[in-house]
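What follows is the residue order along each chain.
2 protein chains.
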Amino acid sequence: MATEIESIVINMAKVAKQASIKIAKCSTKKKNEVLLNIANKLLQNKEEIKQENQKDILFAKEKGLSSAMIERLTIKEATIYSMSQGLHDVVKLEDPVGAISKTWRRPNGLEVSRMRIPIGVIGIIYESRPNVTIDSAGLCLKAGNSVILRGGSEALNSNQILSKIISDALSEADLPKEIVQVVPIRDREAVEILLCQEESIDLIIPRGGEGLIRFVVENSKIPVLKHYKGVCHVFVDDSANLNMAEEICFNAKVQRPGVCNAMETMLVHSSVASNFLTKMGDKFRKAGVEIRGCKRTCEILSYAKPAVEEDWPAEYLDLILAVKIVDDMDGALSHISKYSSNHTESIVTSNYDKARRFLREVDSSVVLVNASTRFNDGGELGLGAEIGISTSKLHAFGPMGLEELTTTKFIVFGDGQIRT
Amino acid sequence: MATEIESIVINMAKVAKQASIKIAKCSTKKKNEVLLNIANKLLQNKEEIKQENQKDILFAKEKGLSSAMIERLTIKEATIYSMSQGLHDVVKLEDPVGAISKTWRRPNGLEVSRMRIPIGVIGIIYESRPNVTIDSAGLCLKAGNSVILRGGSEALNSNQILSKIISDALSEADLPKEIVQVVPIRDREAVEILLCQEESIDLIIPRGGEGLIRFVVENSKIPVLKHYKGVCHVFVDDSANLNMAEEICFNAKVQRPGVCNAMETMLVHSSVASNFLTKMGDKFRKAGVEIRGCKRTCEILSYAKPAVEEDWPAEYLDLILAVKIVDDMDGALSHISKYSSNHTESIVTSNYDKARRFLREVDSSVVLVNASTRFNDGGELGLGAEIGISTSKLHAFGPMGLEELTTTKFIVFGDGQIRT
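Here the protein sequences come in this chain order: S and E. Going by our numbering, the first sequence runs without a break in its numbering and finishes at 428. Going by our numbering, the second sequence runs without a break in its numbering and finishes at 428.
You can take every hint at face value.
Since the list can't tell identical chains apart, any single copy or any two copies may satisfy a pair.
Once the Cα atoms are required to be at most 30 Å apart in a straight line, the calculated DSBU-like pairs of lysine-lysine come out as:
#1 K33 with K22
#2 K37 with K110
#3 K346 with K22
#4 K49 with K30
#5 K22 with K229
#6 K110 with K33
#7 K346 with K38
#8 K25 with K229
#9 K110 with K100
#10 K237 with K22
#11 K30 with K237
#12 K346 with K30
#13 K346 with K33
#14 K25 with K346
#15 K237 with K33
#16 K237 with K110
#17 K185 with K346
Rather than coming from a laboratory, the hints here were simulated on the basis of the structure.
Starting from the given sequences, assemble the full structure and let the hints guide the process.
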């Protein structure tokens, strides 16, 4: 006998699959109208949204959640405007569905094309920030997919009011409201059941901390697109413009240290180490960055703490930086190959050959020359918006935009061809 | 304590990962030289290959395997020439690695490109046919990947001699022989362990019957690209050129009934059913095709057996055909939507709007107008060669060629850009 939670979740997956046929066929115009209607309704219903969010906040305070958690949970007036604006931005993005990416002709006269199509049903599993509900729903809907959203249990009231607004907009457009559904269950069992609906759900995208992501990967029978962490490196080569290197490294570490594309380890060519590190270290120190250095780094910077083995694969997400001096390009590449999380690496150099070699040989989703690691972001790279970053190589590697929420099928125009 | 089998398999996965760094960086010229060297060595060592194959055949006969199984296992002189020629064909294919698929410029001057890169380590799990060893190794190697091959246990001697030939060619080119490895263990435990090496292996491709594929999917922690079965439909519309429809349906069913892209169900528009089925049925009957028809079909064809519910989702892989009369396009589309395996569907029509609608709405990896379903094949569609067909939508949907054995990373050219 199925439990009540099982029945609810299994049914959600089934109706999502049915609804996916409708949204897959929907015209760009109609999808955009729905998105704009949601954007308007968010503003019209902002008091109700804030009321429901207050319930979550009160409950979170009772449960004694940290102020950082409560901050993430809170929907301010500005949050609502920003969610609404986000949907306007998605409306402006080109619809990937139906695009023909390539066409070729076979010797027998068959014309073969690859046509972009939606993936089907996507499950998004995320933590407390409720704006993810609107962002994810908007992107999945524009790419012609049904979506099942499972946010943090502490944000359930907020997510349900947002879901109701989306449902209303879908219904007004004569589309099934099951195109976007929020799991109405706080129990974690709901997630485990969701991850087993491989007959109905085509893709799972977890968005959150490493713990959540590992839980999803371990329990999912459905393909998962994810990254665990970002241990991003900048290599300052001996031919680097050191002023540029300073600006890039400072930006990569300090501008927003708590995100996955922030630099965690800085590699410095030994020829410029003394010169570069003295000035750079000072700048970091003034910004409150703790430096954990290799032996040679500590000889140059008296205030650096000695790094231990655990520092090299660490994702600090904080004002802490591991620093290592390497003797050449090979040293930098082998350190990166050993410790990188395949997320983002950058070289600062003015040497053409080294730039080319770094771009080719570093096995990360985004590899940069003379630019900050902070640019690994769908918006910054020009994808318009992103639903996450993948460091696994199947289907998508790097920031995932609308196109990564689709796949391609082959379409073939014939005139009676048969195989001989 | 790891068992001996565990130690062997885990070590194979680790060394494959290390070797993948070398083959990923290898030039096209060198990869082609290795492939040509393998092609030559196959011919030079054909007596030895046949001797080793004889051991497998004797063992298979002792075990009482069916003559069909022994036929699949047998390496004839022609098989060796065909394996060798297959490698020459792979040499001629364009190397996907390093190709830049797109480049764009951001407002801040960053130039962003997507560059094709190898996936890393690929595991191929297949059944008795030993030529798969050479085909798969050739394609994976050309796409810059390491590969671990696990063929049928009854083909182990054959696969090991083929593997030795590949190793020799790799060594002669100063490349690590661990780029291509054959699992030297007959025990199925080896497969189970292989499927858990998610730290080292990036992708699993099973090639074989539905039982093997389900076993792999259920036991794998690594992403799997697969299709379970092909329940392919042809819809003969009322506007079809009936002579063309006859040729296409006959080809789709009879030319090679035992393969996944053969037609299993024929849908016929009611307006032309009587006319079309009378002639078509006769042609099928002469070719020994058993027809299992819906009620209306049985009224037209007295010799048709009544179809039961199990016939609609059936993959016969034999001279058996399910036939259903539908009243219109909607009837055909809803039957396909309910029973298709998302593999291959074709419409025969001379109506422009219906052709367009069928191509857009049918959710299968290959959708054709006025052509046989038998064209769902990497070679026939112009991919050059194929390593399998995927009916799951992530990463690849349809026949998978060299490009599907790669992924893309973002490369970014900057001039000191930082994020503000």
